[in-house]
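K.L.:
Protein chains in written order, with our numbering: chain A, 1 to 431; chain B, 1 to 431.
If you are wondering where the hints come from, they were derived from the structure by calculation, not from laboratory data.
One or more hints might be untrue.
Intra- or inter-copy, both count: the list cannot distinguish identical chains.
Unchecked claim - Cut-off 27 Å, straight-line C-alpha distance, at most; resulting in silico cross-link-like pairs (DSSO-like, lysine-lysine):
1) K236 with K270
2) K56 with K120
3) K333 with K25
Number of protein chains: 2
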Amino acid sequence: MTTGLALLGCGTVGSAVAEMLLAEKRHLQERSGQQLELRHILVRDKRKSRSRMVSKRLLTTNAEDILADPAVTIVVELMGGIEPARTLLLRSLAAGKHVVTANKHLLALHGAELFAAASKSGRCICFEASCGGAIPIIMALTRGLIANSIDRVIGIVNGTCNYILSQMSANGQSYAEALRGAQVEGFAEPDPTFDVSGIDSAHKLAILAALAFGMQVPFEKIAIRGINDLDDLDLKFSRELGYTCKLLAIAERTTGGISLRVAPTLIPAKSVLANVHGPFNAISVFGHAAGQTTYYGRGAGPKPTASAVIADIVEAAMGTASLLFANLPLLTKRTKGQFLPSNQIVARNYLRITALDSPGVMHQITGILGRRGISLSAIAQHESKAGAYVPLVITTHEAVEGDIAKAVVEIDRLKCTKGKTVRLNIIDPAA
Amino acid sequence: MTTGLALLGCGTVGSAVAEMLLAEKRHLQERSGQQLELRHILVRDKRKSRSRMVSKRLLTTNAEDILADPAVTIVVELMGGIEPARTLLLRSLAAGKHVVTANKHLLALHGAELFAAASKSGRCICFEASCGGAIPIIMALTRGLIANSIDRVIGIVNGTCNYILSQMSANGQSYAEALRGAQVEGFAEPDPTFDVSGIDSAHKLAILAALAFGMQVPFEKIAIRGINDLDDLDLKFSRELGYTCKLLAIAERTTGGISLRVAPTLIPAKSVLANVHGPFNAISVFGHAAGQTTYYGRGAGPKPTASAVIADIVEAAMGTASLLFANLPLLTKRTKGQFLPSNQIVARNYLRITALDSPGVMHQITGILGRRGISLSAIAQHESKAGAYVPLVITTHEAVEGDIAKAVVEIDRLKCTKGKTVRLNIIDPAA
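Based on the sequences and whatever the hints tell you, model everything.
P.N.:
Have a look at this one:
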């Protein structure tokens, strides 16, 4: 039996999906047992030049052509952004069509509304490509690890940031240099704001955390810090201390509630996540039975994303996705969560203080930390001329974020310090 | 609706599965939406002491109790070995029950027979726990990567061997010392033959390759070499050359056919697989669209294995596993494969020759290699007293295995060499 498909959007990912569906039709049928027929592609401009594989006959600028075609049972949304994607998907579900989407932005902000609409119409939403590109992480969380109570999810989920940080670490480039390089290589958009500010990672974290904990995750509960204010000096000092700096998206179950954050974070240089280089992504999930499992691969790019989109199309065509959607409370019956305010997170810290190299300075700084119950793990200060301002690097044992933040404000007010202290969390992903 | 289950076997994994099903019943229902009822456990001896969670009432020594119970719809086999597991699973399928099994040995040798029986009776066989413990690798190959033409699968799939090699590498222990340590730590069986000889890895490779290529994989097509003849000297030299030695299971599509091998192999020290330490497993899959994806986690142990077994039970209970089994040619309509004889594999090599440190020796050795068209990549010989036998380490560019083997025989016949040359393949898993 043939399954009719329509694509919404024909940008780089949409084109890759269309090409695979058309050029590799026989291969896909041999592998999956499914006969997939691409019937329409919604585009803004029919005259734009496209791959020769994509026949003009498939293109339409009118979504009604798709909604009104009873042979289309699966609508695949690859436009990105909130509107018109949201409205078109709600209308597709209401018209009895299953939905496949790679749109993390839409799911992070309007997932609850879309999933409720799918439940109501007895249809499913598949979204493997929304996180981690080719990596089947949604599948791992909804199926492979279903028996587990999940304690933590830690991910490198933005390839642009990981590429930039890898270049800064490996070649001692500044943030600005590494960003320019990433743009030249095509790993960063001309406007990289969503990526480097951590917002894209937070979108993915919202989706992953909701599945891991079976909870509604309001986007504003995520504390977000990007890589755009990182100094290569801190990558250098981290390395000397045996750490690697990665932009991590972390969801963690604590006694005070679920903690959610995206931030550049130091991890031991020998850990699996520290060895994820360039544009690759990796996500570690910690379950009470499985222990740590980690999923690694290309987090973006037309073909890796198309690989995940087509896997979803096959599951929707087979009917397995519908059964999953009808059965799994993780997807459609999420509980209200309790969330830990970010100033109550407990973590180790890296501090780089710019301090006068003179007697009594260390005493004042350690006094401030000590009075707040923050104990030191290591101190590093390179030799310098007495009387100059030098970087003083301190790592702490676990402390409450709010306390550290207050201590840093006090330290920065001292007469013997200059500028703003740099603060980064340190975690051990295998702990 | 409640799904009735029966376990065959109650060893360490069976007990862990039984305990999770009983002690975490409510949690499992909340996560999966399934009501699972454990009705019977087949054991050899009812009087043996077991976990308090496992009520005596559940135990039976008579398989007929299970086969005749219409409320049992899923039979979970955790006995291991070929018989009686094979017969009991064939009878379970004939009795209309779905099967979940962790038995790689049985699947590698009798998978085709079992899958045909399942097709005939319209039931499914789930086997996520047969490879990679908690890692959802079967799911990745049958679902997440379904759109891909798979070129290579490279796995560290035996935790015992990886633990031993990690100890030899990190602490300079001999094979015998590291094996003893692994036995003390519980990472190796009292009789470790299946693990250290590479046979267990080959069982898993047979299963993974069949899914990756949709082919029948006769077990005897796999070239198998274990870690039991490894010398710590070669781990040391590998490290100096920038490589790490891992027991790899490799399935590769080549123009001459599918090549299948298990062998200690050198990989670049910075690659993802080289950084899999201790008892962990990892499997890299290379697809034409997804590129490299890698799956990492605990490859053995009662709880990680139970995590995968219960994931399978949930899929069987939901009906998704049956749909997959009915639809996927990879599972039940495997083609006959063409296989590359192991002497035709093309690979880089590491050679450690024990040679006299005297003029003309290097000339003779390089002459032998050169005449067979084998070109050298690097040579390392540490300083020594002239006239003594010293280890001479040579790495080659890509060459045909049969040619290398013949060259090594010639080298070992030279008057200026002593003993047998050690030969290991070198691969780049990211290539």
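K.L.:
Taking the hints in turn, state whether each one holds.
P.N.:
These are the hints, each one checked on the structure:
1. K236 with K270: So K236 and K270 pass the 27 Å test inside a copy (16 Å) and across (19 Å) alike.
2. K56 with K120: neither (35 Å within a copy, 45 Å between copies)
3. K333 with K25: between (36 Å within a copy, 18 Å between copies)
This entry does not satisfy hint 2, going by the numbered hints stated previously; all others are met.
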